[in-house]
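K.L.:
Sequence:
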Amino acid sequence: MTKRILSIAALAATLFATTANAQEPRSILRVVPQADVAVTDPVFGTAWISTIHGTMVWESLFAWDSQMQPRPQMVSEWGVSDDGLRWRFTLREGLRFHDGAPVSMTDAIASLRRWMTIDAMGTRIAAVTSGLSAIDARSFEWTLTEPFPALVSVLAAAPSRFAAIMRAADIPERGRPATTLIGSGPFRFNAAQRVSGDRVIYDRNPDYVPRAEPPDGLSGGRVVKVARVEFRILPDPSTAATALQAGEVDFIERPSLDLLPVLSRSRAITVTRLTDLAGQAMLRPNSLHPPFNDVRARAALAYIVDQGETLAAGYGDETYWSRCNSFFVCGSPNGTSAGAEDFGRNLARARQLLAEAGYRGERIVFPTTTEIPFFGRMAEVTAAAMRQAGMNVDLQWMDWPSVISRTSNRNAPEQGGWNIYVTGAPGPLMWSPMTNIGVNMACDRSNFAGWPCDETAETLRRDYINASEADRPALLERLHRRLAETHPYRSLGQSFTMVAYRTGLTGILPSPVPVFWNIAKP
Numbered sequence: 001m002t003k004r005i006l007s008i009a010a011l012a013a014t015l016f017a018t019t020a021n022a023q024e025p026r027s028i029l030r031v032v033p034q035a036d037v038a039v040t041d042p043v044f045g046t047a048w049i050s051t052i053h054g055t056m057v058w059e060s061l062f063a064w065d066s067q068m069q070p071r072p073q074m075v076s077e078w079g080v081s082d083d084g085l086r087w088r089f090t091l092r093e094g095l096r097f098h099d100g101a102p103v104s105m106t107d108a109i110a111s112l113r114r115w116m117t118i119d120a121m122g123t124r125i126a127a128v129t130s131g132l133s134a135i136d137a138r139s140f141e142w143t144l145t146e147p148f149p150a151l152v153s154v155l156a157a158a159p160s161r162f163a164a165i166m167r168a169a170d171i172p173e174r175g176r177p178a179t180t181l182i183g184s185g186p187f188r189f190n191a192a193q194r195v196s197g198d199r200v201i202y203d204r205n206p207d208y209v210p211r212a213e214p215p216d217g218l219s220g221g222r223v224v225k226v227a228r229v230e231f232r233i234l235p236d237p238s239t240a241a242t243a244l245q246a247g248e249v250d251f252i253e254r255p256s257l258d259l260l261p262v263l264s265r266s267r268a269i270t271v272t273r274l275t276d277l278a279g280q281a282m283l284r285p286n287s288l289h290p291p292f293n294d295v296r297a298r299a300a301l302a303y304i305v306d307q308g309e310t311l312a313a314g315y316g317d318e319t320y321w322s323r324c325n326s327f328f329v330c331g332s333p334n335g336t337s338a339g340a341e342d343f344g345r346n347l348a349r350a351r352q353l354l355a356e357a358g359y360r361g362e363r364i365v366f367p368t369t370t371e372i373p374f375f376g377r378m379a380e381v382t383a384a385a386m387r388q389a390g391m392n393v394d395l396q397w398m399d400w401p402s403v404i405s406r407t408s409n410r411n412a413p414e415q416g417g418w419n420i421y422v423t424g425a426p427g428p429l430m431w432s433p434m435t436n437i438g439v440n441m442a443c444d445r446s447n448f449a450g451w452p453c454d455e456t457a458e459t460l461r462r463d464y465i466n467a468s469e470a471d472r473p474a475l476l477e478r479l480h481r482r483l484a485e486t487h488p489y490r491s492l493g494q495s496f497t498m499v500a501y502r503t504g505l506t507g508i509l510p511s512p513v514p515v516f517w518n519i520a521k522p
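Our numbering numbers the first residue of the sequence shown as 1 and each following residue consecutively.
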C-alpha cells in the first residue's frame, strides 16, 4: 500500500496544544453573518451559513487550504493500494466530542455512510464502495470496486455538504436533519443562549487539541483565541454597518456592497476580499415542473438576463462585479465560456424559445428576500426582464430561511412549490466540476434544488473527475458545451466576497469559508 503520512513530532504537537489551551482567552468576537442559521446540520443543508456554522462545531477527515487543496484534518496518516481499491485512514490522537467521548471508528464510519446518501459526490463514491470497516480504535479501511482517485479531494470539499464526523448516536433516519449539535470541533454550540432570529452562540472548546501545523484556510491548527463567538442576526445592512462603526460588532461576514465606500473611509474598519476567487450569482429554475422542465424555456433565460444590469442592481459599483458566462468562474483555472459565448439579452430569441416550449402565460412563482439585499435586488431586475419577455412573474417576498424551505419543496408551484429563484455560491465552490452544486445533473434528484437531469452531462462530469490532469482541459470544454445546451441555471455573473471588520482584529485567514479561529481581539 502506497502511504501518505503527515509526521509530526509528539513533543511539538503537545507544546502547540498546551500553548493554545493555556491562553484562556476572555474576549467575545461579535459577528454579523449573512443570515440566521436556519439549518444547523451542515451535511443536510446547502445554505452557506450552515457550512460556516458546521466548520466551527464539527471537523472532517480532510479540509481545504487557502488554495483549495486537500489537507489532512482529523486524519494523521492515510494510504491507498497500488490498484486504487483499498484506502486506509488513521485519525490523529486527542479527538474528542464535546461531551468528552473519544471519536470512534463507529462514529466515523456511520458519518461517512450517512454523507454518502446525501452529498452528490458522496453518492458516486457509494456506488463504488464495497466496504467500510474498522481496523483498530483509530483506523479504518475503505474498499472500492473501482478506483476513485479524487476521494481525498471530495472528502475535503467543505463548501459543499462536507463530510462532517458526527456521533453515531446523533445520526437521524434517512431524509431528516441531525438535531443534536455535539461535534469535536474548536467551538461548542451554546444551545441555552440560542435565540432564533437574534443570535447564535459558540463557546471555545477548552478540550480541543488543534493540529500542530500553522493554519491555512480551513486546514492546519484551529487555535481559538477568543472565549466566545456570537453571531448577531442583523438583516438590515445599514444597521449592521452602523453597529460595526460603533464597535458594537467586530466583523460583518457579507457587508452590503453599496455601503463599502462608507466603511472603507473609516480608519477603524478594514474592508478586504475573503478570497481572490469571485463568487457566482445564479438564476436557478425548477426543472421538475413547467415551464422550466422544457430545456427551451430554460434556454430562454440565457437571452432574458442582462448580466450588467442585474449585477449593477445587486452589487453597485463595477469594482465589485464582472460579467461571466462560464459555469466555472471566469479567472479560475476552469473559466471557459465554451458554448455560451452568445448568451445575453435578446428578447426576440427568448420569446421564440418560450413559445416553442409551450409557455402560454402561466404564473411563475419566484420567491426571494430582502434579508440578503443583493439577492432581492437582482430578483427584482430579473423579474422585470422576464415580464418584458412575456412571462407572468409572481415575485414573492419572504425571509431567507423561508426561501430555503420553499425551494426545497418539490411540489408543483400551485401546491406550495416554486418555479425560479436567485441564489449564489462562493467561487471556491463553483470553480470545479467536482464541487459546483449547480452543474450536478444527476437524475436521481440527489442534486441541488431545481433538480435538473441530464445523463450525458453527468457522464462527462464523472469522466472529468476521474481523468488525469493532462486530459482534463479537453473534457472540461466538452462538459461546458453540454451544460450550455442543457441550461441547469443561468449565471447572473460574479462578484467578489468582501468582509468588513474592526481594524484591531488580527489573525483573519484567507479561506474558502470564513473561519473564526486564529482571530484575536485587542
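Hints listed in this document are in silico derivations from the structure and should not be mistaken for laboratory results. Some hints could be false.
[What the hints assert, rightly or not] Cβ-Cβ distance ranges computed for the label pairs, FRET-style:
{"id": "1", "residue 1": "E309", "residue 2": "S264", "range": "48 to 54 angstroms"}
{"id": "2", "residue 1": "D394", "residue 2": "G175", "range": "27 to 33 angstroms"}
{"id": "3", "residue 1": "D136", "residue 2": "D276", "range": "19 to 25 angstroms"}
{"id": "4", "residue 1": "G84", "residue 2": "A246", "range": "52 to 58 angstroms"}
Just so you know, these numbers come straight off a predicted model, no measurement behind them. Every residue gets a Cβ at the ideal spot worked out from N, C-alpha and C, and that includes glycine.
K.L.:
With reference to the structure, classify each hint as holding or not holding.
P.N.:
Hint-by-hint comparison with the structure:
no., hint, in the structure
1, E309 to S264: 48 to 54 angstroms, "violated (25 angstroms)"
2, D394 to G175: 27 to 33 angstroms, "holds (29 angstroms)"
3, D136 to D276: 19 to 25 angstroms, "violated (43 angstroms)"
4, G84 to A246: 52 to 58 angstroms, "holds (57 angstroms)"
Violation of the numbered hints given earlier is confined to hints 1, 3; the remaining hints are satisfied by the structure.
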